[in-house]
Each structure stands twice: as C-alpha cells, then as structure tokens.
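> So the chains spell out like this:
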Amino acid sequence: MAVKEQYMTQRQRNILNKVLVTGIGLFFLLVFLTPLGYMAVTGIKGTDQINDPDASPFWPQSPKTVEYEGEVLQVFEVPTDDDVKELAAVKKTRTMTTFIDPSNPAAGQIEWEGNWRQLTPVYEPDPKWENFRRAWTELNFPRLFRNTLIIAVTGTIGAVGSSILVAYGFSRFDFKGKNALFMILIGTIILPVQATLIPTYIVFARLGWINTFLPLVVPHFFANAYNVFLLRQYFLQIPREIDQAAMIDGAGPFRILTSIIIPQSVPAITAVSLFHFFFAWNDFFTPLIYLVSKPELWPLSVGLQRFNATYGRMPNLIQTGALITLVLPVIIFFSAQRVFMQGIVFSGVEK
Amino acid sequence: MATANRSRVTAETPVAAKRIKAGHMQRYHTKWGLIFISPWILGFLLWLLIPTVATLIFSFTNYSAVTPELTEFVGLKNYARLPTDPKVITSLWVTIRYALISIPITLGFGLLLAMLGNSEHLLGKNVFRTLFYMPMMIPAVAGAVIWKGVLNTQTGWFNLGLEAVGIPGPDWINSPTWITPALVFIGLWGVGNLMLTLMAGMQGVPTELYEAADLDGANPWHKFRHVTLPMISPVLFYNLTLMLIGTFKYFDMAYVLKDGTGGPADQTLFYVLNWYKNSFEYNLMGYGSALAWVLFLIVLILTIVNFRAQNRWVYYAGD
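Just so you know, the protein sequences line up as chains A and P, in that order. Going by my numbering, the letters in the first sequence line up with residues 1 to 351, in that order. Going by my numbering, the letters in the second sequence line up with residues 1001 to 1319, in that order.
If we strip away everything but chain A, and leave its shape as in the complex, we get (with noise of 0.2 Å):
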C-alpha cells in the first residue's frame, strides 16, 4: 500500500514536471515568435489602418459600414439609456449627430446629443489578401526572384563542385606540406572580407563585372574553408579499404570520387549544398556592394532593403514583402531540417 501510494506521488510528480517545464518552453517560444506574427498580420492589414490609433493594433480590421438609401454609413458604438448600440451615422454635426440602427432601419432615425467624434467607431475584421499582389508588383518580386535564383543555384553549383575536389584531395591524398595547407584553409575563416574587398573591388570594375552577377559567383567557384571542412570530416569516415579495391579493379581518382565517395556522402554534400543557398539567398553586404546601382539585378535581399528605406509609409507591404522573401527558407529549413541541424552540431562541436 506504501509503496504504490509512492509510486502514485512519483508519477503525479513527474506529470506536474512535464507540464511546468513543458509550459515554460511554450512560453519562451511564444515570445521568440510572436515577431513572425507581428509581420503575418501587419501584412495583411489596410494602410489606413495603420494610422489609426482606434483600430485594433493586433486584427486586420477596418471601420464598419453600412449602406443606406445608397449612401455609405459609418458604424459607432451610441451609449443608449439602457446599453450600447451599434448604429449607422445619417447626419454627423458636433452637437447632434442622427442615427439610424443598421439591424432595423425601418424604425427611422435616432437623434443623439453630443459630438460624434467623441464615439468610438464599430470595427470589422478586414484582412487585405491584395496586399500580397500588391506587394508582388510593387517590389518587382518575379524579377528579384529570378536574380536571386540565378546567384544562388549558381554560387551553390560552383561552392559544392569546387570544395568537393578539394576536400577529396586534402581527405585522401597524402603529400608533402598538405597539413600545412590544411591549416592555412581553416585559418582563411578568420580573415575578414573586409581585407580582401577594396582591391577586389577595384580590380572588378576594371574587368567591368561591377553590375554584374559575376563577382557574387565567380570567386564561390574556388571552395571555401567550411564546406572542405565538413566535406573532408564525412569524406574521411568512408574506409579507405572501399577506393583501394576499386583502384585495384582499375579505376583512376576521378572514378573513385564520381562512384564511391560522393554517392557515399549525399548527407554531408545536402547539408552543404543547402548551407551555400542559404547564405546566397540571405546575402545583403555582397549585392549591395556590387549591385546597388542596378535595381535590374537586385535579389530580394537588397530589394527588400531598398523598399523599405523608400516606403516607410506603407509598413503593411513592408511585412508583406518580408513574408514573401523569407517563406522559401524557411520552408526549405522545415522540411530538410534534420540534415541541417546534424551538419550544425558537426561542424560546431567537433571544432
């Protein structure tokens, strides 16, 4: 009987653990996300809105009306002798305002002492679905896409190529002064763009690439020190017993790489694909170095900016337009997030 009466605690307990600890992570979580709610319903709020300190500040909504006699009628909650009612504005004066009630027009009109602008006006829910198609056009969004594709399938084609020949011949190959080279690789992750960029940059306009998609792909074409990194961490898991009987069967390095050791690592070779997109499709400080004269070849990121420094008046197509730049991430995040977060937790904690 003690025992059980224990066990009945013990369990008790650990459900009043689950709900505490649960309770705080949905609460931490609710505060870390309501931004993206803030955006989604801001984007789909009218811009009168807006300015309207009366409107709800959370539900896209806009002043109700009524139509009457062919005129359109605003909306007010009237405090009557007994309750509040929602009647419709005939005839508005500062000291007399006339009313009729919208659910029973035939009972003629109500006259009401005092000024009507001291009413609170009746609001209805009002989601603008068009600003979505507004901002769409507004922001140019088939052309910032397109650029923003053809930089980041580009650079991804040519980052991935690229680091996975390096990251073959630094994982196996052994030669002479190759952990000294290995060790400047990883140093370069250091190295501020900063310090390379001015030359760069001069050097660009000469070739005249500056307005060009050129130098936000071309330099992606020589690997980079993360994606050999990663690469080489998985490429040297793969047994080296596996490529030594294909060279014996007669296969050269480039058939090893081809049939072995990349269909060995489609994992490691996702993860940093999706890492380059990613940072191609989320990168201002390029673009804006190179292109920001050319809004033909802006990407979203550099649009976006743009259009908001120009249309702080219209804060509902600002979120619109947030929502819409940063929807394929995220989706892409969600539904490849496993690969991710491994290839983060690789990266990050083996150093």
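Think of the hints as simulated: they come from the structure by calculation, not from any bench. In this text, a Cβ means the ideal position worked out from N, Cα and C, and glycines have one as well. Any given hint could be a false lead.
Unchecked claim - Residues on chain A that point at chain P, a partial pick, calculated with CB under 7 Å: (1) Tyr38; (2) Tyr68; (3) Tyr168; (4) Asp174; (5) Pro192; (6) Asn282; (7) Tyr311; (8) Gly312; (9) Met314; (10) Ala322; (11) Pro329; (12) Phe333; (13) Ser335.
Given the structure of chain A, go ahead and fit chain P onto it with the hints provided.
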C-alpha cells in the same frame, strides 16, 4: 595503370618492390592531391592572399575611386588619422559596447534554452529545437524589417506588451539610448546555433559524473556549476570566439534598421558600417584599406587571445 604496375612489382624482390611501389605511390598522391586541391590554392591566391596584401599596400596610399590618377603613397598617414577620427572612436565604442552587453545575455539565453531543450520533462523536443533555430534561416533583411515593425512606437507589439504590464515603452529605433538594447533583443533571434551546439555539448557529458555528484549530495546548481559548465566549456569557448568576431563584422542589421545612416546619433555606426561608408560612400579607399587592416588585426588578435585563454579555463575530456 594499376594492373600494369602490379605485374611489374611482382617481378622484383619484395623489399625493392616495396620501395618502388612507395615511390610510385608518393608521386601518385602528390600529383593527384595537388590537382584536386588546386581550385582552392588558386582561389586562395586570387581572392584572399593577393587582395589582403594589396589592401595593405592601398592603406599606405590616398587612393580614391573618384580620382585614381591622383593616387600617391602617404606613408602611415591613414593609420595616424585613425585615433584622431571621431567616427572611428565612436564606431569602436559602439561595437565593443554591443559585444559587452549582447554576448553575456545571448550566452545566458542560449544556456537556458539548451537546458530546457535537453530536459527529460520537455514534450516535443524536436519541435522546440526546430522552432528556436528557425529564425536563423530568415534572411537578415527580412528579420530587420520585421523587428523594425515590432519595435516601432505606433503599431509595434513590443511596446504594447510593455504597456500591458505598466511600463511605457521607449522609441527603440530612434532613441540613441534604446537602440543598443533593441539590437541586443534582435540579436537573441540568432541564438539557434549556440543552442544546438550547447545541447550537443550537454548530451556529451557522461552521466556517471552526475551520478557521482548525486552521491555527494550535490544540488542542481552545484551540478550545473561544477559538472555541466566545465564539461561544455569547449563549446562555450567556440561560441564565444564566433560571437566576438561576429560583432566586429556586424553590418546587415545596423544598415537595414537605420538605412545605413549609422544613426540615431551614430549609435548604430558599427565598425564595418563606418568602413563601408568611408570606402564606398566617401570613396576613400586608401583610408578604408587602413580600416580594413585594423579590423583584420583585431579579429586576428581576438582569435589568438581566445585560443590562449582557452587553456586556462576550458576543460577537454581526456586531456
């Protein structure tokens, strides 16, 4: 090729065969190794080494993109100007202050989330992890405009929340006092990497250590302080280095929030923003090169200091 070799090798005496094979293998490895890493070697020279040296040379000139024909060597003049340039001083202060405030808060938040995420009592661990990581996937510009909206005084939800608990919220984005705290809040959105790596680090702590601590009658705080913290210190250290360097490269958020002005009152004039304005808005690329090299040195020193300090307080299992 390999089969031909094999038949030749069998004809030799075993020792000589080995030597020939070894020599051959060495050549094979060197040749193919260098072929495969050649894209990186070429890229390293073209995009990293030569430009970095060129930046150093530029930093001794008065090069301007507007009048490149007037370029001449000015010796150390650009460097001598740095400590007298109020914008440089401001940008250093803005950057360092942000690092000092933001890094401890972010580390604390990351630790908290990692502990929550690893708790045996948390339901839906995967969802928790994924959702806390997710803002890292949001393009920086989109994140900046979202936060600019959330923090605005007119329709923003942040101040509404504060008002709900009786605190009148400031004008975060336009007040020189409040823009830094605002940036710290915004920075918490990037906690994902930190949280994930800390979680992985915590999972790597051997359970025997906790059991031993239990036997010694340790309370949860003692266990955290004397078991968890020392055991995850390599991960903490790794993240600390990343965050420090990240602050010195901070740009996107400051640029988008204030349209690249560095305002209010230069309080978002981070080091890289000041570098960008000098190099690409005022076209003072010689001076910009000096700023870039100083940045490079700062990052280099931070990295070295961090690696040195690591020996003192970082515990590596097996050492």
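> Tell me if A:Asp174 is really an interface residue toward chain P, meaning its C-beta lies closer than 7 Å to one of theirs.
Cβ of A:Asp174 sits 5 Å from chain P, so the hint holds.
> Is the shortest C-beta separation between A:Ala322 and chain P less than 7 Å?
holds (4 Å)
> With chain P as the partner, please determine if A:Tyr311 meets the hint condition of a C-beta pair closer than 7 Å.
Constraint on A:Tyr311 not satisfied, violated at 11 Å.
> Minimum Cβ distance from A:Tyr168 to chain P below 7 Å?
Because about 5 Å separates A:Tyr168 from the closest Cβ in chain P, which is inside the 7 Å limit, the hint holds.
> Does A:Phe333 pass the interface check with chain P, least Cβ-Cβ distance below 7 Å?
holds (4 Å)
> Regarding the hint that A:Pro192 lies at the interface with chain P, is the smallest CB-CB distance below 7 Å?
With a minimum Cβ separation of about 5 Å from chain P (threshold 7 Å), the hint on A:Pro192 holds.
> Quick check on the hint: A:Tyr38 CB to chain P CB, less than 7 Å?
holds (5 Å)
> Against chain P, run the beta carbon of A:Ser335 and see if the smallest gap drops under 7 Å.
violated (11 Å)
> Report holds or violated for the interface hint on A:Met314, using the least CB-CB distance to chain P and a cut-off of 7 Å.
violated (11 Å)
> Given A:Pro329 as an interface hint, is its Cβ closer than 7 Å to any Cβ of chain P?
holds (5 Å)
> Does the interface hint hold: is A:Gly312 within less than 7 Å of chain P, judged Cβ to Cβ?
Because about 9 Å separates A:Gly312 from the closest Cβ in chain P, which is outside the 7 Å limit, the hint is violated.
> Checking hints one by one. Is A:Tyr68 an interface residue toward chain P, by the C-beta closer than 7 Å rule?
violated (32 Å)
The earlier numbered hints that this structure contradicts are 2, 7, 8, 9 and 13.
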